[in-house]
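Colleague: Spelled out from the first residue to the last, the chains are:
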Amino acid sequence: MSTPSPKRQGERGFSLLLIVFSVTAFWQSYGISGFSGLSTAGVFPMLASATMIVSALCILLQSFSDTNNTAHTAVAIDESNHSVLTLRLVVMLLLISGYLIAMPALGFTLASAAFLFLSFSYLWRKSLAVSLLITVVSVTAVYFIFRKLFQVVLPKGTLLQGLL
Amino acid sequence: MGEILSNMSIVWTDPWLLFLTAIGTLAGIYVGAIPGLSVTMATSILISFTFKWPVNDALALITGIFMGGVYGGSRTAILLNIPGAPSAIATAIEGYPMAKRGDAGEAIGLTTVMSVIGGFVGIAALAMFAPIISSFAIMFNSRDYLLLGLIGILLVGTLSGESFAKGVFAGALGVLIGMVGLDPMTAEGRFTFGNVSLMGGIPYVAAMIGFFGVAEALVQLHQLDVAVVRQKVDRIIPKLRDVKRYLGLALRTSGIGTIIGALPGTGGDIAALLAYDHAKRSTKNPDVPFGEGCKEGLVAPEAANNAAVGGAYIPMLTLGIPGDAVTAVIIGALFIHGLKPGPLLLVETPHLFWFIVGALMLANICLLVFGLTGIRIFTKIVECPKGVLIPLIIVLSAVGTYAIQNNPVHIYWMLLFGVIGYFMKMYGFQVGPVILGVILGPMMDSNYRRAMLGARGDIGTFFWNFVSHPITLVLSIALIAMLLSQTPLMRWFYRWRAARRHPGS
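So the protein lines, in turn, are chains R and W. For the first sequence, position 164 matches number 164 in the working numbering, and the numbering has no gaps at all. Position in the second sequence (first residue = 1) + 1000 = the working numbering.
If you are wondering where the hints come from, they were derived from the structure by calculation, not from laboratory data. Each hint should be verified, as a subset may be incorrect.
Calculated lysine-lysine pairs in the BS3-like style (CA-CA distance at most 27 angstroms, straight line) [claimed, not checked]:
1. W:K1380 <-> W:K1280
2. R:K126 <-> W:K1380
3. W:K1052 <-> W:K1380
4. R:K156 <-> W:K1284
5. W:K1239 <-> W:K1280
6. W:K1284 <-> W:K1100
7. W:K1284 <-> W:K1425
8. W:K1100 <-> W:K1052
9. R:K148 <-> W:K1239
One side of the interface only, derived from the structure: several residues of chain W facing chain R at Cβ under 8 angstroms [unchecked claim]:
10. L1173
11. G1181
12. E1188
13. R1190
14. G1194
15. I1390
16. W1413
17. L1415
18. M1452
19. V1467
20. I1471
21. L1473
22. I1477
For glycine and all other residues, C-beta sits at the position ideal for the given N, C-alpha and C.
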C-alpha cells in the first residue's frame, strides 16, 4: 500500500471542521429550549444539527475509505488533485474583501471601478489601457442598467458626500 | 374558460411584458450558454432587482430567463463540449462529436426545435395537471408537507452530489440556516446570540447569491486558463425530414422530462440523463453509434430538459415545494412578491397561475426565434474571457444583494456564504440542497410542530399518524424507500439477489 494521500488537499481537515461546526450547532440548538418538549422551538434545529453530525461523521469515514482505493483510481485523482487554497483565490478574496469594506466610504461606483480594474489586471493580464477601458465600459453599463433602468439603489460613499 | 384565456393572453398583448419575456429568454440563452454563468446564478441575482417591480413584470422576466437558460446550456455543450448547465451534459456527449464533424449548425437547429416541442409538452402538462394536483393538495396535512420537504431535499442531495452523506449534510445545513432568527410561533430567538440584526433571520437572497454567484465565480478561478476551441457553424434551420423522424422520440422523452421535472427535488439534469438513456435503449439501429454524434441522443435530452421546466412548475405552484435549485430560487422570488406558492395559489390567485402559463408559452416561442438566429454574435459573446467574467459576477452579486433591502451587512453575508460555498463545492458538496433547505426549513419546522401538536405531544401517536392516513402512508413509504436505497442494506440485498440468480458465479 502506498502512502495514503487524501483525494483533495485538506479533505479530512474539512470533514473534521464540519464535525466541530455541527457539534457546536447542536449545542446551540440545545440551548434554545433543551429537551423540555417535542414541539418547542429548539427541536427542529436539534434534529437538523444532529443530522449534520451523523452525516459529517460518515463523510469523514468515507474520506478514509477513499484513500484505500487510490490504486484503482489513480487517473481520476491526478485530475482532481488541484489544491483548494490557491494563491489566485487568496488574492481574489483579499480584493473582494477590500472592495466590500471600501464600498461604504468610496461608494458603489468608485469602489467597483477600482475593484474591476485591479481584478482585470490581475486575472486577465492584458495591457493596463485595455483593462482600464473594459473597467470604464463595465461600470458605465452596470450603472445605467441598474441605476437608471432597474432603478436599483446603489450604495453611495461618505467620502464624496454621496455624489457617486 | 374566457377568463383563463384572457389571463393567459396578458403577456402576449402588453408590449412591455412581451418585451420583458423576450429579453429574459434572450438573456437566459446567453447566461445558460456562457460556461461559468448558471441560470440559477442569473435568477438569484435578478430576483433582487425585480423586487420593486409589479409582480407580472417580474414573473415575465424570470420565466423567460428560466426557459432560455435551460436551453442555453446546450449551445456550449455542442460548440465547446462544455455543458453550460448540468442539464446539458447528455447533449455534449452527442452534440460535440456532431460539431467536430462540421454539423454544429444542424445540431443547434435540431436541438432548438426539439427543446421547443419539449417545452410545450411541459407547459401543457402544467396547465392540465396543476389544477388537479392543487385540488388534491388541499387535502394534504402538515405531516404530508413535512414529508414532501424531506423528500425534496433528500432527492436533490442524493441525485446530484458526490455522496449521499454530503447531500444530507448540505440539506441539513440549509435547514439550520433557515432556522436563524425569531421563531415564528413563539418569538424565541434561535441562533441570534443577542444580536438584533440576526433576529430577522439570515437574508436568503444573500445566501442564494453567495452560494450560486460568488462561490461559482471563485470555483471558476481554477479554469481561468482553459482555451476555447472554435467550431464552424453554417446551416441552422433543421431539415423537416429530421424533425418528422425524431418527433415521436421527442414526445416520449418530453413525457419523461415532465414527470421527472414534476417530482419534488428532481430537475432538468436528471430528466435529460434518463431521456438519453431511454433513447439509447429504444433506438435499435441508429445511423451513427451513440457517443459519436447520434441525433437521437441529442434530441432526447434536449426535449426532456425543456419539458422539465413546465413539470418543475407543478410542485412549485401547487405544493410550494421547489423541484430543483432554480425553482427554489423562483419560490424565493414569489415569496418576496408576497405570493404564497401552495395549494391555495390556484384558489386565491388563479389569474397569476394562468399568467405564468401564458408567459411560459411566449418564452418558448421566443426560444424558437432566438435559438435559430444570431448564432454568429453568440459565438463571440461566449468567448468572453473568464478573467473579465469573474470580477463582473462579483460586482453584479454585490449589487443584487444590496438591492433587496439596501443593507450593506447583507453583502458581507453574501461573501461569507460565497466562501463557504466555494469550499463545499471543492470538496464535492452540492450547494443546491443548502438553498432548498433554507427555503423549506422554516416550512418543515412549522409543519413538524403542527403535526406534533396535533398528536398532543405524544410520540407514539405522532408516528402512528404517518402510517394511518393513506396520503401520508404513500409519502412515508417513498421516503423510507429513498433512505434505504442509499444504505449498504440495499447493496447487500442486490448482491444477495444476484447470488441467488447465478449460484455458480
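Colleague: Determine which of the earlier numbered hints do not hold for this structure and return their numbers in increasing order.
Modeller: Hint check: 1, 3, 4, 7, 8, 9, 11, 14, 16, 19, 20, 21 and 22 fail, others pass.
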